[in-house]
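**Q** Counting from 3, one number per residue, gives the positions in the sequence shown under the numbering used here.
Hints listed in this document are in silico derivations from the structure and should not be mistaken for laboratory results.
It is possible that part of the hints are untrue.
In the EDC-like style, the derived pairs of lysine to aspartate or glutamate whose C-alpha atoms are separated by at most 20 Å in a straight line are [as the list claims (entries may be wrong)]:
hint, residue 1, residue 2
1, Lys85, Asp115
2, Lys34, Glu208
3, Lys405, Asp356
Okay, the calculated beta carbon distance ranges per label pair [stated by the list, open to error]:
hint, residue 1, residue 2, range
4, Glu191, Glu276, 44 to 54 Å
5, Gln121, Thr341, 19 to 29 Å
6, Phe265, Leu128, 43 to 53 Å
7, Gln84, Thr341, 33 to 43 Å
8, His282, Lys98, 32 to 42 Å
9, Glu348, Ala140, 36 to 46 Å
10, Thr205, Phe265, 37 to 47 Å
11, Arg243, Ala186, 16 to 26 Å
12, Gln121, Lys195, 28 to 38 Å
13, Glu257, Pro203, 40 to 50 Å
14, Thr205, Lys41, 15 to 25 Å
15, Arg87, Pro379, 49 to 59 Å
16, Gln165, Glu383, 44 to 54 Å
Here a beta-carbon is modelled for each residue, glycine too, at the ideal position from N, C-alpha and C.
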Amino acid sequence: MKLKLHQKAPQLSGTIKITGSKSESNRLLILKALYGGLKIENLSNSEDSDVMQRALATKEKVVDVHHAGTAMRFLTAYFSIQKDRETVLTGSTRMKQRPIGILVDALRGLGADITYMEQEGYAPLLINGRSLNKKEIALQANVSSQYISALMMIGATLSEGLQIKLMGDATSVPYIEMTRALLAQLGIESSFKDKKIKIEPVTDLEEQSIVVESDWSSASYYYGLVALAEKAQVQLSSYKRKSLQGDAVLRGIYEKMGVSTTFGENIIILTKKEGFKPKHQKIDLVNSPDIAQTIAVTCFGMGIGCDLMGLHTLKIKETDRLEALKIELSKLGAVIKVTKDSLHLEPSQQINADVTIKTYQDHRMAMAFAPLALRVPIIFEDAEVVNKSYPDFWDDFSALGIKNSSV
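Use the sequences and the hints to build the structure in full.
**A** Written out as structure tokens, the structure reads:
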């Protein structure tokens, strides 16, 4: 379905409730399946979390995660320790192009029985669940923190726990710390020091309830809206001042782009600073690469340039996000170049109207570009792609007065 967003008076006000973080929800779903005794509140209503729940509940041999990269990585580790169960873990065409060899090698090093069914290093995988007999593993840490989190979550099930040695500088460290924090809430001890992660074994865990904080990645699109508005005040819930999510760095980044953040009781209020004049942005996003698309589009919409670094993981996401950003921003009139790990945007005052944005089966491509509707009418291919992480996205934007229609 193609969807057109219509230009409106650039003044925003309203209240939006965003469901739980997909990153936290998917970790907690795996932990609940592994250790039991856990009640999860404010669970993400994303397609990815729905895929995770169905995969964990099924008794079928073939488990298809479609486009859900987090599910592919976490479930690879999960099914590897399900004794006497044979699983074929597969996904979409794009999922079969996303590398998983580093994680599979690590699991094999612990004793897992995993076979590539098609191309070496890629899904689909044939996994024969068994007890893992080793307690130490080393792996490259600069490709995806989800490989590391997948291993950490199964670590406490091993009889002697697990020690992970990280080779190279870890990417997206806040997501590793998120996993550690959730393990701690369950009563599982861990340490992370000198590029070594240690997970202690457990046998029994107390029953408890955990409330998932709302998703900061989803909040990023409202930061983009407020930055592009002439006048705005938008309230979002439910958020915590001390967040486990790396994307909470949005507060500081957008403060420099004219958006102030005020905390209330489980809410944040975003307000456009009056008379603010934004400057060129230079930001290292190695710990929060998922907000790069939003920031790049915001800078373009504001007519300022930016240099975004630390983006090497974007090339193995739902699409090659760096190339996708270059193509789609160029269609809108941007002067932009990308490298294997960075994006460089020149200041520009011209935005082409009625451009159709290709989404590349990537939810963030659609949502990151949507705030430009405050500048020009804009059209999106495959608008339903937002269901992957934020099914209510178009309705919530409409509630703020940004109207849409099918094309």
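**Q** It remains to establish, for every hint, whether it holds in the given structure.
**A** Right, here's what the structure says about each hint:
For a cut-off of 20 Å, the pair hint linking Lys85 to Asp115 stands: about 11 Å separates their Cα positions. Between Lys34 and Glu208, the direct Cα distance comes to roughly 12 Å. Compliance with the 20 Å bound is thereby established for this hinted pair. With a C-alpha separation of about 14 Å, the suggested pairing of Lys405 with Asp356 holds against the 20 Å cut-off. Between Glu191 and Glu276 the beta carbon distance is about 49 Å. The supplied range of 44 to 54 Å therefore holds.
Taking the beta carbon of each, Gln121 and Thr341 are about 27 Å apart, inside 19 to 29 Å as hinted. At about 48 Å, the beta-carbon gap between Phe265 and Leu128 stays in the expected band of 43 to 53 Å. At roughly 41 Å, the beta carbons of Gln84 and Thr341 sit within the given window of 33 to 43 Å. Checking the proposed 32 to 42 Å range against His282 and Lys98 shows it holds: the Cβ atoms sit about 40 Å from each other.
A C-beta distance of roughly 42 Å is found between Glu348 and Ala140, which places it inside the suggested range of 36 to 46 Å. Distance hint for Thr205 and Phe265: a CB-CB separation of about 39 Å, consistent with the stated range 37 to 47 Å. Under the hint 16 to 26 Å, the C-beta atoms of Arg243 and Ala186, about 19 Å apart, fit the expected range. Taking 28 to 38 Å as the suggested C-beta distance range, the pair Gln121 and Lys195 conforms, at roughly 37 Å.
The hint said 40 to 50 Å for the Cβ distance between Glu257 and Pro203, and at roughly 43 Å that hint holds. Evaluation of the 15 to 25 Å hint for Thr205 and Lys41 yields a pass: the beta carbon distance comes to about 20 Å. At roughly 52 Å, the beta-carbon separation of Arg87 and Pro379 lies within the given 49 to 59 Å, and the hint holds. For the pair Gln165 and Glu383, the beta carbons lie near 46 Å from each other, so the given range of 44 to 54 Å is met.
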